[in-house]
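K.L.:
Top line first, the protein sequences correspond to chains A and B. The first sequence: position 8 = 8 (my numbering), numbered continuously. The second sequence: position 177 = 558 (my numbering), numbered continuously.
Hints are computed from structural coordinates only; laboratory data are not their basis. Just so it is clear, CB atoms sit at the ideal spot from N, CA and C, and this is done for glycine as well. Incorrect hints may have been included.
Among chain A residues calculated to face chain B with C-beta under 7 Å, some are [stated by the list, open to error]:
no., residue
1, A290
2, A370
3, D372
Facing chain A, a subset of chain B residues (Cβ under 7 Å, in silico) [stated by the list, open to error]:
no., residue
4, F523
5, Q588
6, N602
7, L607
8, L675
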Amino acid sequence: MDFRWTQEEAAFRARISDFLAESLPADWERFAQHGPASPALTKYAEEFCGRLAEQDLLTPHWPVELGGLGLDPWHQTILAEEMWIAGEPRGGQYMNINWIGPTLIRYGTEAQKSRYLPPIAEGRALWCQGFSEPGSGSDLASLRTRAVLEGDTYRVSGQKIWTSYAGLADTCFLLCRTSEDRKRGISILLVPMDSAGITVRQIPSLIGQGDIHEVFFDDVAVPVSARLGDEGQAWEIIGFSLTNERLGIPRYALARAALDRAVAVLQAQGEWAGEAVKIEAGHAAALCEAARVASYAIVSARARGETVGAQASSARYATVMAERRVCEFITEYLPEALADAHSYLKMHHQRGIVAGIAAGAAEIQLNIIASDVLHLPREPR
Amino acid sequence: MDLSLSADQTAILDALDALARPYASAPLHDAGFALTSAALDRALQEGGFLDVGLDEDLGIGTAALIVERLTRLPQATPLTSAIIAPLLGVETTAPICLIETDKVHRPVRFLAECARVVVVGDTVTSFIATATQIRAEPEALFAYPVGTLLARADTREQHDIAPETLRTHWRIALATEAAGLLAAALESVCAHTSERQQFGRPLASFQSMRHRLAECQVRTNTLYWLAMKAAHTLDPADAALAALHAQESTRVCVYDFHQFMGAMGMSLEHPLHLWTYRLKYLFGELGGRGANALAVALSLWG
Chain A
1 MDFRWTQEEA AFRARISDFL AESLPADWER FAQHGPASPA LTKYAEEFCG
51 RLAEQDLLTP HWPVELGGLG LDPWHQTILA EEMWIAGEPR GGQYMNINWI
101 GPTLIRYGTE AQKSRYLPPI AEGRALWCQG FSEPGSGSDL ASLRTRAVLE
151 GDTYRVSGQK IWTSYAGLAD TCFLLCRTSE DRKRGISILL VPMDSAGITV
201 RQIPSLIGQG DIHEVFFDDV AVPVSARLGD EGQAWEIIGF SLTNERLGIP
251 RYALARAALD RAVAVLQAQG EWAGEAVKIE AGHAAALCEA ARVASYAIVS
301 ARARGETVGA QASSARYATV MAERRVCEFI TEYLPEALAD AHSYLKMHHQ
351 RGIVAGIAAG AAEIQLNIIA SDVLHLPREP R
Chain B
382 MDLSLSADQT AILDALDALA RPYASAPLHD AGFALTSAAL DRALQEGGFL
432 DVGLDEDLGI GTAALIVERL TRLPQATPLT SAIIAPLLGV ETTAPICLIE
482 TDKVHRPVRF LAECARVVVV GDTVTSFIAT ATQIRAEPEA LFAYPVGTLL
532 ARADTREQHD IAPETLRTHW RIALATEAAG LLAAALESVC AHTSERQQFG
582 RPLASFQSMR HRLAECQVRT NTLYWLAMKA AHTLDPADAA LAALHAQEST
632 RVCVYDFHQF MGAMGMSLEH PLHLWTYRLK YLFGELGGRG ANALAVALSL
682 WG
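Looking at chain B on its own, in the form it has when it is part of the complex (with noise of 0.2 Å):
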């Protein structure tokens, strides 16, 4: 076992940073909820990263350690792709949008015209969406652009993939950005309070606050861990531990990096948001916790 990265992957990551570098603050006075940016759309396309996943000797784990490392940025990208499209065996040229055939009246994020959008129930089809078939929500507190699916493609492309396998990645995908938005969250909070003066002292002083931040970076750091074995192995348990993880921690960090925050956890002028409210989205997936927990309990014990 050797989890430190190969020379591979730390050129692609050292590649990846300086292109995100731009990018890493953004003016968020009109940015509202769902901060995004074509030009970095464009240049990871252009840079290929998203389709790593689809070498077969750089996998789904470099893939998984290019989505957490994007995940970190203020703005908010169609990164679920770059683990999904390998096992579809399609390119990520359009964003790919999940759905669960029980749950389609979800908002899902990215899902406009031209998405793939790929259901998962008893079987795994997709069909690329029409203008028709959606209905944006601009008004959706996500931190992500959602949409909700008003009608399924008639026709539709069949996948020869196990749904249980296509969950399996969907896990990942889900454990990875969380792991990533659970990282820039924390990293701006402590920012924050380590400046921030009260009682005549920095806020991050206090030992009500340092613990619980340390829980959350205890939390972070072991989701990262998680999500990137999950990545590396695909295996079904390992995908589901690391998801559950990814939801439970977000219950436990995501109001206390804003009660932290005072005031401004409460601001659109600061960041923490665009990753505590896309955690919020993730949050749901799959289920929730109780699925994802079943599903821990369904692969180690039957």
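Isolated chain A, as found in the complex (with noise of 0.2 Å):
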């Protein structure tokens, strides 16, 4: 066992640092409050992701033939943490980078590699999924939108809710219903935004402006070239997707950097003599670094080339015991950041939220860890 980054890495890491420092602008971190899927980040993210594909610094990790140069999974967990510790400059288009393009390069056509990838790699797609529906959220595999295939031709029709980035993203990777087998009746398609018949209405929300979203399919024809594997292959397929997700959004380094902020505002203002908020400040901390560790061993294990299964949950639940403590902590001791006096600590707090419900609630992982890791016996259905 080596916990140690290498020379190599560590070079890597103060790159990605460097650029951050000399890229985002003065007042980048109250322009961070808008939600990652604004207009106004997502604008900025496609200037932003131009760059950093400029200094390939977008798809490092990708295949050298498809644009990226070839680095191993530390690498992308590198970049991902820097990211993600500065707010996420690149919106939405981090999800494009973490698990879609990983999963074009795996399973999808070439003409469809070349289509979507290169748009990916040089900073300018925004992608949604089009996974939950009304009456289908951690039970998934009950979704209702449906594809029925004329010709050569899908028509779709159907309901999905909570898609984060809809209003402004130019393609849907979309689960839908091609059979009626409850796992291998569900297929993707790849479908264009503007097609006709898809309506996308905003909700809400406690993450910032245009986060989430209803969209509807009302017989939108998609070609059957657009169906990403095969008819029913969907649940292979977004096993191997949410896999790289999980893993893909490093919150802990982001909830361990706004604990340090934290304590620095806390110490500045006198606020740290106590023993009480050392204690807490210290829960919070073996939370964060105990996420780290467990996120690491699984990269590590990808980067031998081992295929990561139920564990990538039990690290992903770890995060969100880390990123809950942290939010409590500055509630409890800080609660003044709520009120806009520091902006990125409010920044992380609007994002915390997500943690345990995005990519799989926090119960479907413990459900997960309980059938996979530990071999408990399935509840009856």
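Now that you have both chains on their own, put them together as the hints suggest.
P.N.:
Structure (structure tokens):
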């Protein structure tokens, strides 16, 4: 076991950190209070990601032939940590880089790769994921949005909800039902969001403007060539995607950075003398570092080429615990942060509510751990 | 960064597993709280397993891997020695008993005649205990053999070690042992609740139990990695974080483990208590959660 960063990894982190320091505007921390899917941050992210791409820092973990540098998962982690600590200036494009792109690389046709990967690698694309429905949240396999094949075209009808980035996205990674089989009846279509028959309605959210939406599909025509993988292969593909998604967001790094910032503010204000505040901060730090090292164990396995299974859910749940404890610490000891006194801490708090809900609720992670790590008997259905 | 085991670490753990296999299940009827095995202790000594920390190439990191693995056994062994002895520059032929100057009245595990008592205060000193300086506590509930120190030796060996360095190693030992104890306890509870049927199905198929056991898995897994990191970096902050997480995870998990076992959780015929009541001992070490949380705060933020 070696817990030290290599010189090359440390230099990579320093390079990203320097780039952020040079690139982000002076008022960035206040600007970042715009939600990651807001029009303002989406517009800024397109410029920012373009510059990242010019520096080979947008998709460095992608294969060389697809616009990347072929760097290992450690570099992906370092990049993601630095971006999240900074407040994620890539906006919604982080999702393209973390899992949309890798999923297309693994399961896409050559035509799909040619069409979709270059815009992602150049920082020009924004995707949304059409997963949840009004009646299908955690029980994703019950989804009802239907795609009926007529000749070489699917006709798609149904409704998605809680869809991040849908208001400005150019393409939807859409889960839809192509047969009645609960899991093997689900397929993936890559649907342009300007297709006739799509209507998007924004839902006000705690995270910020433009984050979540309802998306209505009214007899939308989608060519069969836009299907990712085989008909009925969606469950396998999203299993791969969500493993990347669950590890792709290093919320522990932002939580720890927010905790450090909060302590610095408390010290400057003379509110760091008592034991109670230090004990609570110590507990929050322990959970942040617990989540970090559990995530690193997963990254290490991936770097060795091992298949990562349910342990990713364990690391993800650890991150939820850390995020909550830091939010509670700041709410209790620095409540003015929530009243806009400290932009960075407010930004963290707004985004923290997502940790246990998005990309599979925390309770779903516990179910996965119980069944696939502890091998406990499943609940009867 | 690479968190896989080195070839040496893999070989050592394979050999250790072979040695430990015969001890994995032990008759419990007459074992009481403090199950020990002189044969296991002797085999570990002869194999040199507890002295790997003295090898510069293997170090405390490999010693911690061994300690974590051995802690899962039902038998209690003086494993702290494997983490502390390299710092003192002594071998592990006698148990090393750690004691803080302001808490000398507390029971100390493995405190017996010929044990090396290490006293940590503003300095680090040690002495070899004599029979008159100790009192065994056979009725103690800690699942370790424990004793109380009645008197310190007038003449003690002075160690040129900063007390905080000793405490860092102590925290690493605490966290490493707790990681193995939690893992063994969790495994035994999962096995029982997966087999035990109530209301026509296994207890562990109820979501109220599945979720809490899964949370215990998250804590056990994260503690393992925090402890291993601290043992490999020897960083004071890493050690304090690991010790705090060990004690907080003990608070969260131990009573749930007994609760899930039902009446079996009250029985000395099941080994659960051997792990959980050792965790209770570790729960109060180094001042408990409050003191270790303060140590985290001090090391991270001053």
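K.L.:
Hints the structure violates: just list their numbers, smallest first.
P.N.:
3 and 4
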